[in-house]
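Residue numbers (numbering that gives the first Met the number 0), protein chains in the order written: chain Y, 0 to 57; chain W, 0 to 776.
Because the hints were derived from the structure by calculation, they are not lab data. These numbers come from a predicted model, not from an experiment. No residue lacks a Cβ here, since even glycine has one placed at the ideal position from N, Cα and C. Keep in mind that the hints are not guaranteed to be accurate.
Beta-carbon label-pair distances, calculated as ranges [said to hold, decoys possible]:
hint, chain 1, residue 1, chain 2, residue 2, range
1, W, T38, Y, I22, 48 to 58 Å
2, Y, L42, W, S65, 33 to 43 Å
3, W, W217, Y, G16, 28 to 38 Å
4, W, L17, Y, L42, 52 to 62 Å
5, W, L271, Y, S26, 46 to 56 Å
6, Y, G14, W, D100, 40 to 50 Å
7, Y, L42, W, V375, 27 to 37 Å
8, W, S648, Y, I22, 23 to 33 Å
9, Y, A10, W, D63, 53 to 63 Å
10, W, Q715, Y, I22, 37 to 47 Å
11, W, A417, Y, V40, 52 to 62 Å
12, Y, S26, W, R722, 24 to 34 Å
Only part of the chain W face toward chain Y is listed, based on derived beta-carbon distances under 7 Å [what the hints assert, rightly or not]:
hint, residue
13, P99
14, R158
15, G165
16, M169
17, N173
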Amino acid sequence: MSILFLLLPVALLLGFGFLFAFIWGASGGQFDDLETPAHRVLLPDSTEEFKTGEKRHV
Amino acid sequence: MESALRIPVLETGRKSCLHCQTEYSAQSNSLFCCKGCETVHFLLKGRGLDQKPKAIQEDLSYLDDSEFVQSYATHESREMLFYLEGVHCAACVWLTEKLPDFCPGVEFLQLNLASGVARVRLYESGSFAQAAREIARLGYRPFPVKQGQSDELRKKEDRKLLIQLGVAGMLSGNIMLLAVALYAGASGALAELFKWSSFILFLPVLFYSAVPFFKSAWASLRVKQVSIDVPIVFGLAVGTAVSIVNLFMGSDQIYFDSLSTLVFLLLSTRYLLKKVNQHALNSSEWAHFLAPAKAKRFIGHSSKTETVSVNLLRPNDLIQVLPGECFPVDGVVVQGEGAVNCSLLTGESALVAASPGTAVNAGTWNQHSPLIVRVVASGPKTRLNRILASVESSLRSRAPIVAYVDRVGQAFVVAVLALAVLGFFIGLFVSGVQEGFQRALAIAIVVCPCTFALATPLAISLSIGRAAKAGILVKGADVLERLSQVRTVFFDKTGTLTVGELRVSHWDQFSDGAAEALMALEIRSAHPIARAVQRYFQGRFEWLPEVEDFREQPGKGVSGTIRGDRFEVRSHPSLDQTVSTRVGLFKNGVIVGAMTFSDVLREDSKSSVDQLKAMGLHVGILSGDAGGPVQDVSGQLGIQPGNSFSALSPEQKAEVVKGSPFTLMVGDGANDAVALAQAHASVAVQGGMEMSLRVASVYSSQSGVRSIPALLVLAQETLRVIRRNLVFAVVYNLVGIAVALSGRLDPLFAAVLMPLSALTVFLSTMAGTGKLRRAFR
């Protein structure tokens, strides 16, 4: 069970990594509007694409 | 016709659907890939829905005034917020955010779909008016929104609360994992490690995430009140102290897991509640686009006008007000003859004639013909704004009711302290001072105020959210409690129970051709009576006779010559005017037709009033209108004559409302605002004045009173759910207290009991409001 002395800090470190990612995202305003971005991602990138229905090959 | 439209066969040997462009077999004779596409295509085409949205014509040049830009724009005058009317779906996001593609000078447009507010950022060379014109051309009506400092602050607060919630969630989860190992029997160095780790993990929860509780508990204690946060902080402090002491003494009695979970659960509820309330109504944002923000001002002494923001108008400026527009300022008519609808200020449905010298007020409507007005007072100095200011100050001075939750919370604090003392003496009696302290502290830890702190706000926020989805915006948690206590409902008449515009209710024709003559005359006028006639006879005639020598006399009527006969439309002494407006058509002085106008009831008024009466409530009418029309309406609705009041001034309305306990006032006009502010609870209905929207405790975006019975049922049911939760909480707390008093409380018991009681009230709330949701449609 001594491995726990190593695993506990590692697990917590991992957890804090995600916590800081969350704090970074929240203070940057990524959680201010939870509705629109979900729609925005479905929209075509350009007017051309919308007209032709074809994806541009970049 | 359809044969002209031939779908070409593609290279792939297939055809492309006319509606959705999906490829399908070339053997098919149809223009469409499936029946569904065909149906939708012709449905859209048949209704003209395949056309582009109609562009909105509006003079927006005032947006570029330097003073306007200074007060509305941010980011070095390059960014402005617009509320876009008519934003619904993802396609709206796509369309509006394409603005930089076809409007040079715009750097980007970012739309928030939930609030309908778009952020527009320009390049140095850009113009807000140009951008707004393009947005209007797309079919969305743009209203500039002032960015207050409060909005920025609110955003920061929101983010902070979210981070506090996230921190509490992550840490309490990890502390719980460690606690499970301890309960399972970890021992020796490993147990020490787990205990100390959970202590360290608990510190940010206490000193960062729980800060909102400390702040609000302190704020309530400073004004000598006991809010629900006080017992929370008390329990938290005692629990932490006991756990730390036991940690150093090497005892197992540590409660970091229960305490951090409690903080997390409470914070989640608080966050949810805040989100729901913000979504419901942000009055500071409303105010900006409800008022007419611009006016047509004459340039110098020329006959040219420029559109300017109302804030820039100075006394003695001359402005033009077209028919159908709202007067933006208090002023005096200097040119033009017309009629003014003052119903928003006085409640009277009859029009007031206006001619040079007549004083007009901001918030009233020009009905008839263009008027030129000399500005006397603008902005905060107008009569409208002075009434508003007095209403708002009376609102502030009103003693806030102590919410149910706070009252119970105070009793709770007293009970916990008494029980702790009791525990101390029991312990003292059994085995001395140390045992006495331990039992007193055990009670402070185990007693959970979760019903008041968790389930009640949750029930209220779910109900408020439910109402918001139905278009009813409830402005605060205590409003539901007020609504549940309502015993008398008073309605305003014009615009609330009735449609608020004149309709022809009856037409008598005494000779042939009278209707055609009437229509031929009235179609030339923009008077409300003429509009009512136009609506009544719309599409009835193939052709109309020629009218010569047409004349319109404001306040009197219209006249004209048709085939040599002189026709006049005017009121006549012989016509009974007491119950409703009656007007006659005269041919060479002889009456040939008569019509009755009345303000008709909304379709749902009768059924709503019946429902309210069935709920055992008293229903009454408070109107500024004359006795006749009011009696007519109360008769139709089956309201006792003793409960309907007519010809009331705004102050008298408020007196009546104050005179009876637990009243709900429902109204829309500025003349209702004082009464709305004075009532126990109040609802402003759609189409109402900015002022009534601001002072009322509920805003219904549905026109009419249909939502009122449902709203009252919702409030009563919500309070019932809260009371049931209270019973659950009392049971759980009694169990916990009994265990603590007997001295058998250990961390595992607390860790099971506290979340379990929270979970029970949570489920009870969800079940209760779920049933409610179905009832509320």
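Taking the hints in turn, this is what the structure says about them:
A hinted range of 48 to 58 Å holds for the C-beta pair T38(W) and I22(Y), which are about 51 Å apart. A beta carbon spacing of about 36 Å between L42(Y) and S65(W) agrees with the range 33 to 43 Å that was offered as a hint. Taking 28 to 38 Å as the suggested C-beta distance range, the pair W217(W) and G16(Y) conforms, at roughly 34 Å. A hinted range of 52 to 62 Å for the beta carbons of L17(W) and L42(Y) is inconsistent with their spacing of about 23 Å.
For L271(W) and S26(Y), the Cβ-Cβ distance of about 20 Å falls outside the hinted range of 46 to 56 Å, so the restraint is violated. Taking 40 to 50 Å as the suggested C-beta distance range, the pair G14(Y) and D100(W) conforms, at roughly 44 Å. For the pair L42(Y) and V375(W), the supplied restraint of 27 to 37 Å is violated, since their beta-carbon distance comes to about 51 Å. Hint check: S648(W) to I22(Y), Cβ distance near 57 Å, so the stated range 23 to 33 Å is violated.
Range check, A10(Y) to D63(W): about 59 Å between beta-carbon atoms, so the 53 to 63 Å window is met. The hint said 37 to 47 Å for the Cβ distance between Q715(W) and I22(Y), and at roughly 42 Å that hint holds. Look at A417(W) against V40(Y): about 57 Å separates their beta carbons, and that is inside 52 to 62 Å. Between S26(Y) and R722(W) the beta carbons are some 40 Å apart, a value that contradicts the proposed interval 24 to 34 Å.
A cut of 7 Å between beta carbons decides the hint on P99(W): the least distance to chain Y is about 11 Å, and the hint is violated. For R158(W), the suggested interface contact is upheld, since its CB lies about 5 Å from the closest CB of chain Y, less than 7 Å. Evaluation of the G165(W) hint against chain Y yields a held restraint, the C-beta minimum of about 5 Å falling below 7 Å. Using the Cβ-Cβ criterion of 7 Å, the hint placing M169(W) at the interface with chain Y is satisfied: the shortest such distance is roughly 5 Å.
Annotation: N173(W) was flagged as interfacial toward chain Y, and the flag holds, the nearest CB pair being 6 Å apart, inside 7 Å.
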